Amino acid sequence: MIELEHLSKRFGGRKVAPVQALDDLSLSVPAGSLYGLLGPNGAGKTTALRILCTLLAPDAGQVRVAGVDALAEPRAVRRLLGYVAQEVAIDKILTGRELLHLQAALHHMGAVDRLERTAELIELLAMGDWIDRRCGSYSGGMRRRLDLAAGLLHRPRVLVLDEPTVGLDIESRATIWQVLRQLRDQGTTVLLSSHYLEEVDALADRLAIIDGGRVIAEGTPAALKGALGGDRVTLRVREFSDEQEASRVRDLLQACRGVRQVVVNRAQGYSLNLVVEDSGVVETLRQQLAEAQLPVFALAQSRPSLDDVYLQATGRTLSDAELSVAGRRDLKEERKQSMR
Amino acid sequence: MTSASPSLTPMPAASGEPSALAEITQETLALTRRLFVQLARRPSTLVAGVLQPLIWLVLFGALFANAPEGLLPGGISYGRFLGAGVIVFTAFSAALNAGLPVMFDREFGFLNRLLVAPLRSRSSIVFASVLYITSLSLVQSLAIMGTAALLGYGWPGGAGLLLVLVTLLLLVFAVTALSLGLAFALPGHIELIAVIFVANLPLLFASTALAPISFMPPWLGWLAALNPLTFAIEPIRAAYAGSFHLTDVVLVAPYGSLTALTCLAILAGLAAGLFLLIRPMLDRKLT
Chain A
1190 MIELEHLSKR FGGRKVAPVQ ALDDLSLSVP AGSLYGLLGP NGAGKTTALR ILCTLLAPDA
1250 GQVRVAGVDA LAEPRAVRRL LGYVAQEVAI DKILTGRELL HLQAALHHMG AVDRLERTAE
1310 LIELLAMGDW IDRRCGSYSG GMRRRLDLAA GLLHRPRVLV LDEPTVGLDI ESRATIWQVL
1370 RQLRDQGTTV LLSSHYLEEV DALADRLAII DGGRVIAEGT PAALKGALGG DRVTLRVREF
1430 SDEQEASRVR DLLQACRGVR QVVVNRAQGY SLNLVVEDSG VVETLRQQLA EAQLPVFALA
1490 QSRPSLDDVY LQATGRTLSD AELSVAGRRD LKEERKQSMR
Chain B
9 MTSASPSLTP MPAASGEPSA LAEITQETLA LTRRLFVQLA RRPSTLVAGV LQPLIWLVLF
69 GALFANAPEG LLPGGISYGR FLGAGVIVFT AFSAALNAGL PVMFDREFGF LNRLLVAPLR
129 SRSSIVFASV LYITSLSLVQ SLAIMGTAAL LGYGWPGGAG LLLVLVTLLL LVFAVTALSL
189 GLAFALPGHI ELIAVIFVAN LPLLFASTAL APISFMPPWL GWLAALNPLT FAIEPIRAAY
249 AGSFHLTDVV LVAPYGSLTA LTCLAILAGL AAGLFLLIRP MLDRKLT
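Protein chains in written order, with the numbering used here: chain A, 1190 to 1529; chain B, 9 to 295.
Simulated from the structure, these hints should not be mistaken for lab results.
Treat the numbers as computed from the prediction; the structure is a model and nothing was measured.
Nothing false has been slipped in among the hints.
Not close to chain B: a few residues of chain A, all C-beta gaps over 10 Å, as computed:
#1 Arg1199
#2 Leu1442
#3 Ser1491
Quick look at which bits of chain A chain B covers, simulated, 3 or more residues with Cβ under 8 Å:
#4 1235-1244
#5 1263-1270
We put the beta carbon where it would ideally sit given N, CA and C, even for glycine.
Assemble the whole structure, with the sequences as input and the hints as a guide.
In structure tokens, the structure reads:
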């Protein structure tokens, strides 16, 4: 449904060092799927979505939505798309209902259709209590829901959302998640970006992990995690161990069958992080420890997470990446680019 | 939250396009409506916009009340002379500010909402601003003309009134286009306000709003005779002078005499030129 091919985009260059926001990014979103773009802030997610929504022209590459070339026929693509931007764009003076009516006119909807659709969305997103108040008085969650309603008004075949739940209260977040799942179930293709692992993990049928303007991993959440293989085990023999004891335990564990990797984590009181081949190995570990007369203060076992996928692909965790990227961005230049 | 509603199913492919004119009209009216709703809920712009020119008219008109008779061409009083200038300057100022709401829309991301919508023509954004500013200018102008009449400065006849309207429309269209162009070209509202501030009063002083060309030194006379405001002021002044013909000479410039019709043609050319100039800015998105 959505094809991004070899997109490149570079920002800045005159006063500051240019930033390569997108670097040969390619992506294919199947029709009717709920697709997640996961990556740290500054990875290029927003740039990719803005190019998809015809707000930004790429330096190179192709964009197609339902077979329509977005660069050649932007207006046709705009009709297919609903876009919910990261920065909520509402008019403080208008009421929510007036904003929806304005949006309907911008999509050339008829009067009957407009009233019907507005009523449906007000109910769907539970906006009835406040839709006739001025937008200036809305909370973040209310604004976001109104923005989503505006994006859905013309029944787009593709809904694009940029970080739809950042900073939202739990109720609004749950509402939005439910609506997105419902849309997917009814055939709409949904593409959302997020830097929340658990959001993408919970919502997306497929996802692409983006880093440095490129796709570094792509697939279903289960497949990506499954490809890593093994379970993650964190073991503490006591609350605060020491180096000597930790290395003794490590040697012991490394000798066990089914243990792939043992790392001593000094920062967490010499706990041990292990990758084991299957769940059965943990029982063997317990027996071995008991035989060696070592106590077990805590033992936690988990399936690999998307963060492990990211870690495997880039050698750093998502939160580390956000910190390092923060210093490299030219926010002023990006803001300029986003002010069209 | 409610249960799933059938309305969420994607829309089938559109069959047959409605006429472009109908769509542009719908877009333009919706955008204009938004500007009027904003005005109705924040009427201070309108109140100030009506009061300010009235203060100009009363104070400035009184400034030369005791000037010797026959000082001005045609022997008219200064208040009567000034009326046309204040009308034009008011409309000009309003139009020059037309880009500000668009600039704020850019800064708050609201413009993106318009740009991702499948507008039939992005010129609708310009048309909406022109409709809004023109209506506003009309209200202001009628207030000025009413006050001027009360002060004894006269009232243009039926044909005169039509001439006033046409002239204002052309000027407002041209200046609104210019202001919107600036709103897209400049980096932010601070810069836009600075440009408006710098352009506003000098253009007033270098025109025939406050004094005829014959009062000015040659260099200023040249400037005034090239200033678009002058081309709007002089036909309106002629309309105030009583009976007139479009082919009457209304402006004696250093480079020759201009009729009312020529002035209007110049304004129309300027409006068309500026509109064509800013259109690519609206569409530059995917170039």
